[in-house]
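Residue-level listing of the chains:
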Amino acid sequence: MSEAGQGYGGRVWAELRATPRANWGLNIVVLLAVVAVCADLIASDRPYYLNVGGERYFPQLRATGVALGLAEWPEELRNADFRALASQADAAWWPPIPYRSTGVDITGDVFEPPSAEHWLGTDALGRDVAAGMVHGTRISLTIGLVVVAIQATIGILLGGLAGYYGGWIDIALSRLFELMLGIPTFFLIITVAAIFPPSIYAIMGILGLTGWVGIARFIRGEFLKVRSMDYVTAARALGVGDARVMFRHILPNAVAPVLVSMAFGVATAILTESALSFLGIGVPQHLVTWGSILSESRGSTFAWWLAVFPGAAIFLTVTAYNLLGDGLRDALDPKLEVR
Amino acid sequence: MLQYVAQRLLLLVPTFLGVTFLAYAIMLMAPGDPVDLFFAGGIAGGGEGISTDRLAEVQEAKEALRRDLGLDRPIPVQYALWLSRLLRGDLGESFKDRAPVWDKVRDRLPVTIVLNVLSLVLTYVIAIPLGIYSAVRTGSRLDQISTLTVFMLYSLPSFWVGTLIIIFLCGGDFLAWFPPGGLRSLAHDASWPLLQRMADYTYHLAMPLLCTTYAAFAALSRFMRTSMLENARQDFIRTARAKGVSEPMVILKHMLRNSLIPVITILAGLLPALIGGSIIIETIFSVPGIGQLSYQSVLARDYPVVIALFAASSFLTIVGILLSDLALAWVDPRIHFGRSSA
Numbered sequence: 006m007s008e009a010g011q012g013y014g015g016r017v018w019a020e021l022r023a024t025p026r027a028n029w030g031l032n033i034v035v036l037l038a039v040v041a042v043c044a045d046l047i048a049s050d051r052p053y054y055l056n057v058g059g060e061r062y063f064p065q066l067r068a069t070g071v072a073l074g075l076a077e078w079p080e081e082l083r084n085a086d087f088r089a090l091a092s093q094a095d096a097a098w099w100p101p102i103p104y105r106s107t108g109v110d111i112t113g114d115v116f117e118p119p120s121a122e123h124w125l126g127t128d129a130l131g132r133d134v135a136a137g138m139v140h141g142t143r144i145s146l147t148i149g150l151v152v153v154a155i156q157a158t159i160g161i162l163l164g165g166l167a168g169y170y171g172g173w174i175d176i177a178l179s180r181l182f183e184l185m186l187g188i189p190t191f192f193l194i195i196t197v198a199a200i201f202p203p204s205i206y207a208i209m210g211i212l213g214l215t216g217w218v219g220i221a222r223f224i225r226g227e228f229l230k231v232r233s234m235d236y237v238t239a240a241r242a243l244g245v246g247d248a249r250v251m252f253r254h255i256l257p258n259a260v261a262p263v264l265v266s267m268a269f270g271v272a273t274a275i276l277t278e279s280a281l282s283f284l285g286i287g288v289p290q291h292l293v294t295w296g297s298i299l300s301e302s303r304g305s306t307f308a309w310w311l312a313v314f315p316g317a318a319i320f321l322t323v324t325a326y327n328l329l330g331d332g333l334r335d336a337l338d339p340k341l342e343v344r
Numbered sequence: 114m115l116q117y118v119a120q121r122l123l124l125l126v127p128t129f130l131g132v133t134f135l136a137y138a139i140m141l142m143a144p145g146d147p148v149d150l151f152f153a154g155g156i157a158g159g160g161e162g163i164s165t166d167r168l169a170e171v172q173e174a175k176e177a178l179r180r181d182l183g184l185d186r187p188i189p190v191q192y193a194l195w196l197s198r199l200l201r202g203d204l205g206e207s208f209k210d211r212a213p214v215w216d217k218v219r220d221r222l223p224v225t226i227v228l229n230v231l232s233l234v235l236t237y238v239i240a241i242p243l244g245i246y247s248a249v250r251t252g253s254r255l256d257q258i259s260t261l262t263v264f265m266l267y268s269l270p271s272f273w274v275g276t277l278i279i280i281f282l283c284g285g286d287f288l289a290w291f292p293p294g295g296l297r298s299l300a301h302d303a304s305w306p307l308l309q310r311m312a313d314y315t316y317h318l319a320m321p322l323l324c325t326t327y328a329a330f331a332a333l334s335r336f337m338r339t340s341m342l343e344n345a346r347q348d349f350i351r352t353a354r355a356k357g358v359s360e361p362m363v364i365l366k367h368m369l370r371n372s373l374i375p376v377i378t379i380l381a382g383l384l385p386a387l388i389g390g391s392i393i394i395e396t397i398f399s400v401p402g403i404g405q406l407s408y409q410s411v412l413a414r415d416y417p418v419v420i421a422l423f424a425a426s427s428f429l430t431i432v433g434i435l436l437s438d439l440a441l442a443w444v445d446p447r448i449h450f451g452r453s454s455a
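First to last, the sequence lines map onto chains A and B. Using the numbering used here, the letters of the first sequence map in sequence onto residues 6 to 344. Using the numbering used here, the letters of the second sequence map in sequence onto residues 114 to 455.
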């Protein structure tokens with residue numbers, strides 16, 4: 006790509022790629038996203054391919070189809086024990102981690118340290134930690150992204166309204182922002198998570214509803230600065246509606262720094278969700294998350310693998326998003342060109 | 114200035130009322146109530162296998178308890194009663210054991226304050242010199258190492274570090290350098306000499322202190338360094354050097370003073386923790402402080418305790434923001450009160 010033909014986004018992207026730390030962050034973020042999307046292909050107790058007496062099956066593929074409502078299980082595979090089936094099969098291709106994250110292994114060993122069979126060991130119920138980690142990636146990333154999407158939507162909307170209209174709307178919304186700042190957020194989250202029935206959606210909701218003030222205040226400031234500029238006046242003089250002026254004309258000029266807080270926001274949301282799982286509140290019992298595996302190690306301090314691996318995953322993810330946030334901030338700030 | 118402070122102080126009131134009412138409403142709107150929780154303890158399975166008239170008796174007892182605790186009234190009324198008691202200096206009684214909330218808080222306050230004041234002091238004592246060093250010797254080996262370390266620490270979840278410390282350093286199958294929790298040894302006795310008692314407390318609080326400190330330290334150093342570097346590039350620094358101001362003066366007076374802004378903003382954020390404690394760290398290390406009390410009360414739905422602690426930490430959060438605004442104006446003469454502050 007030639008330097009001259011680059012837009013703002015292209016320049017930021019190139020700078021992000023050229024900074025080793027930001028580039029690492031980006032790579033890890035992409036890797037985690039791939040793991041999250043392909044979790045079922047990496048860790049599953051259904052083989053990819055099964056050949057029983059000449060009959061060919063693709064159980065993992067079919068499971069995905071069933072989950073999407075596109076396919077049905079054939080009669081002979083309904084509630085089948087694939088491990089037993091595979092032992093009589095002519096051919097069986099397994100995913101790299103042939104376990105389900107939530108599968109309680111009654112025959113297997115509980116608290117088994119990392120071994121060739123269970124790469125990262127098993128927990129108190131004989132569940133495979135590696136499988137739990139892979140599927141936990143999906144939960145963590147979903148929570149991180151959904152929470153940040155909620156925060157950005159609320160923040161941009163309320164901040165934009167306050168900054169664009171000013172007057173009593175601004176006064177009222179600014180009081181609301183102040184109120185939100187006065188809330189001890191983690192305390193509130195713990196309280197809500199503990200007294201309402203455990204649900205992953207409730208966690209997303211409460212995290213999303215509490216963390217938007219930073220974005221709102223920033224957007225408000227930007228809108229205040231920009232609303233009397235010539236191009237806004239010109240747009241309005243041409244009869245462009247308020248909503249269109251706000252979202253088509255002003256927002257694109259103010260939104261880039263929001264990306265920085267969104268990157269940090271993902272890190273914070275994942276950290277908070279893990280902390281809640283760790284404390285054992287808010288996240289349903291049957292769900293295996295990084296935080297829930299980590300919390301199991303609290304009662305069984307000999308099982309170091311229950312603490313080391315999920316914690317490392319949280320650390321890695323948070324680091325990656327923080328690196329990305331740092332890199333974005335530097336790339337977006339023209340003042341920092343010279344280092 | 115005085116008018117601005119008065120105005121801000123007045124604005125504290127509606128914010129505080131709003132936050133506490135919100136907390137009250139959320140708690141009391143939650144499905145199920147503390148009374149159900151108490152009775153669930155006594156009657157397993159929610160009354161299965163109990164005859165109908167026994168069940169009616171239980172219902173009656175529940176209603177009586179609700180009336181007794183004031184839970185039968187509408188939320189706004191309960192809130193108003195709570196507020197009027199608060200104004201008279203009464204925080205109410207715990208649902209759990211009917212002990213005054215204030216007594217519970219008072220028992221736990223010293224540990225939390227000691228832990229967090231120490232952590233705060235350590236944080237600043239390490240972070241500020243390190244920030245100065247990083248800015249003065251940018252790109253040096255030590256600067257690179259410290260920047261990387263700080264960045265790692267910043268992303269390191271304290272509940273992970275705490276758990277690892279317990280597993281690997283506090284007994285268990287590995288090293289037993291520190292106790293896995295608590296405040297003092299079993300043999301701890303008031304008749305011990307002061308020094309021995311102090312040593313015992315230090316031994317128990319060292320690891321929780323480490324965990325609370327490193328997180329705050331990482332946040333502070335990061336901002337400190339960026340801010341120092343930003344200022345180092347400013348024209349007024351060059352001017353100061355050009356007119357012959359000595360290097361230490363340039364750094365301390367010109368660079369550092371202007372870099373204090375984030376230091377102050379962060380202090381405001383740390384203030385609530387001073388009393389509120391760290392819920393996670395205190396829970397991991399079984400430190401009998403306010404953080405642990407918050408967690409236990411939330412789990413037990415001990416609303417009077419929860420609401421009191423919530424109100425206290427909300428109050429400190431608001432005051433922290435106010436103090437940081439005032440302190441900012443004090444270090445930065447360019448910030449004026451009134452007109453530009455919205």
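Hints were generated in silico from the structure; no laboratory data involved. Beta carbons: idealized from backbone N, C-alpha and C, even for Gly. Please note that a few of the clues may not be correct.
[As the list claims (entries may be wrong)] Covered stretches of chain B (chain A as the covering partner; in silico rule of three or more C-beta atoms under 8 Å from a C-beta of chain A):
{"#": "1", "segment": "135-141"}
{"#": "2", "segment": "255-269"}
[Claimed, not checked] Facing chain A, according to a computed beta carbon distance under 7 Å, are these residues of chain B, among others:
{"#": "3", "residue": "Val132"}
{"#": "4", "residue": "Trp273"}
{"#": "5", "residue": "Thr276"}
{"#": "6", "residue": "Ile278"}
{"#": "7", "residue": "Asp286"}
{"#": "8", "residue": "Ala289"}
{"#": "9", "residue": "Trp290"}
{"#": "10", "residue": "Ala300"}
{"#": "11", "residue": "Ala381"}
{"#": "12", "residue": "Val411"}
{"#": "13", "residue": "Thr430"}
{"#": "14", "residue": "Ile431"}
Hint check results:
Judged by the Cβ-Cβ criterion of 8 Å, the segment 135-141 of chain B is covered by chain A as claimed, because 4 of its residues qualify and three suffice. Beta-carbon proximity to chain A at under 8 Å applies to 5 residues in the segment 255-269 of chain B; the threshold of 3 is reached and the given coverage holds. Taken as an interface hint, B:Val132 checks out: its beta carbon lies about 5 Å from the nearest beta carbon of chain A, inside 7 Å. Because the closest C-beta pair between B:Trp273 and chain A is about 3 Å apart, less than 7 Å, the hint holds.
Restraint check, B:Thr276 versus chain A: the minimum CB separation of about 5 Å is within 7 Å; hint holds. Annotation: interface hint on B:Ile278 violated; nearest CB of chain A at approximately 10 Å, more than 7 Å. At a threshold of 7 Å, the smallest CB-CB gap from B:Asp286 to chain A is about 5 Å, leaving the interface hint in force. Using the Cβ-Cβ criterion of 7 Å, the hint placing B:Ala289 at the interface with chain A is not satisfied: the shortest such distance is roughly 11 Å.
A least Cβ separation of about 14 Å between B:Trp290 and chain A goes past the 7 Å threshold, and the interface hint is therefore violated. A distance limit of 7 Å between C-beta atoms decides the matter here; for B:Ala300 the minimum to chain A is near 23 Å, and the interface restraint is violated. Violation of the interface hint for B:Ala381 is found here, the shortest Cβ-Cβ separation to chain A being roughly 10 Å, above the 7 Å cut-off. The criterion of a C-beta within 7 Å of any C-beta in chain A is met by B:Val411, whose closest approach is roughly 5 Å, and the hint holds.
Interface hint at B:Thr430: satisfied, since its Cβ lies 5 Å from the closest Cβ of chain A, which is below the 7 Å cut-off. With 7 Å as the threshold, the beta carbon of B:Ile431 comes within range of chain A, its nearest partner Cβ sitting at about 4 Å, so the hint holds.
The earlier numbered hints that this structure contradicts are 6, 8, 9, 10 and 11.
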